[in-house]
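There are 2 protein chains.
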Amino acid sequence: MKISIVKIGGNVIDDPQKLDEFLYLFARLEGKKILVHGGGVMASKFGERLGIQPNMVDGRRITDAETLDVVTMVYGGLINKKIVAKLQALEQNALGVTGADGNLIRSAKRPVKDIDYGFVGDVKEVDTELLDTLLEKDIIPVVSAITHDKKGNLLNTNADTIASEIATSMAVKNTVRLYFCFNKAGVLIDENNDDSVVTKINEDIYDELKKDKVIHSGMIPKLDNAFSALDKGVSNVWLGKAENLVLAAKGKKSGTNIEKHRYDLY
Amino acid sequence: MKISIVKIGGNVIDDPQKLDEFLYLFARLEGKKILVHGGGVMASKFGERLGIQPNMVDGRRITDAETLDVVTMVYGGLINKKIVAKLQALEQNALGVTGADGNLIRSAKRPVKDIDYGFVGDVKEVDTELLDTLLEKDIIPVVSAITHDKKGNLLNTNADTIASEIATSMAVKNTVRLYFCFNKAGVLIDENNDDSVVTKINEDIYDELKKDKVIHSGMIPKLDNAFSALDKGVSNVWLGKAENLVLAAKGKKSGTNIEKHRYDLY
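Chains as they are written, first to last, in full-length UniProt numbering: chain A, 1 to 266; chain B, 1 to 266.
Here chain A stands alone, though its shape is the one from the complex (with noise of 0.2 Å):
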């Protein structure tokens, strides 16, 4: 079957109005679907709020057992239930869970090498079987971006990796689409100009405008992932604003489309 995988990130989380705007549109695509989120802005004003200091190695967030606690209330409960209830008042049947709730996502905490990022997993296996069940079902998997060791410890693990090991699992039996909904219209020439999107890249082209450094810091591990999620079998993979997900999902020109090969462009 075909199946919409969709990443949402922290600008349209942190913004109700955005969040509403954004599941209105969710609801409207067509067809089985996921949607995976994470949430970091909400986390870190609990965490300030219940005086946890965040605690930054190198711009990246250490997870100690209070930080790991506030992300599982904060991703897995929060906001997850929010938008498993706006969904539901959206007449989309959607049940949330973490990579611990039907035993999705395993994965094993990080090794210490020069730094201990304490209580973060890096995905080991997707078990695609309850996403089966809940699709032929009807029912849209809301996935927040904690995983389980199953050893009985929960571990909090990037949403934009969470999305591309669930898209390129599904891919082996379906025609998987991912969507990484972010806040840039995708990925741009000038990185503060919207209009001058690229609306379609191959590796080719990457190539290219990694070296002229057009795309550089934060784009390249996004694109990263998104050219391993299609060497892995996903068909397509696109980047761009949550808004535009609906004329995405039509085809009709917007954000990056991103393809493996350059044939696919012409």
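Incorrect hints may have been included.
Since the list gives no way to pick one copy over another, a pair counts as held whenever it fits inside one copy or between any two copies.
[As the list claims (entries may be wrong)] Pairs of lysine to aspartate or glutamate residues, derived as EDC-like cross-links and limited to a Cα-Cα distance of at most 16 Å, are as follows: (1) 150 with 20; (2) 2 with 30; (3) 151 with 91; (4) 45 with 66.
To be clear, the hints were calculated from the coordinates, so they are not data collected in a lab.
We have chain A; now place chain B onto it with these hints.
Chain B alone, transformed into the frame defined by chain A:
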């Protein structure tokens, strides 16, 4: 099919060692099963740390918008996902849900009469389809005490009530046994002596014990709930300590068995 529905309360949830011991026993419970939990004390603690003052009227908690967020985080996120991860480590394929997930429990905000309880939901409908699907796939639903109104709002709902409502709804097509685990060994003749358990109770005995003031205050809604579940088709209701769950399931003498008819006693 035969289904065991087990409700645990704060005395188990708030003590990590007791929770581990309980989950080990729950894992040994044979056949299809559903776990229902609340988690009051932990929610109050987090609320206090967030600077949210508990608002009690006549001993009952008022759920304002901020308190609902805390309850959603703590019940639906922290407690629910910790239980699921621990069960997964025990090779129990658990999946955590609220009443919003899969539209499991629709409720209505309690009408304001003398007291405005805030975001508290009275159960209107249990849709057993999700539970049927999960149990059929040998997945164990772990239900936290949150419901939704199908209009986009989450609502705080009593966990005993949720357990009873799920039990009576599942009893339409199944043989259901309902276990209420709490901080006493059962219905006690002397409330300070766990050895004074009334091992079997029916409505006649219940009426007598109420008249003699042996059963009073908090036990009355619990038992009313239990008899109501029996009235609506639940086969058996048990009240006792979490550590006696497996003994009770094997029919060994422990806790209080609640039975509708006098002839069940002989």
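Hints, verified against the model:
no. : hint        : in the structure
1   : 150 with 20 : between (34 Å within a copy, 15 Å between copies)
2   : 2 with 30   : within (10 Å within a copy, 38 Å between copies)
3   : 151 with 91 : between (36 Å within a copy, 10 Å between copies)
4   : 45 with 66  : both (14 Å within a copy, 14 Å between copies)
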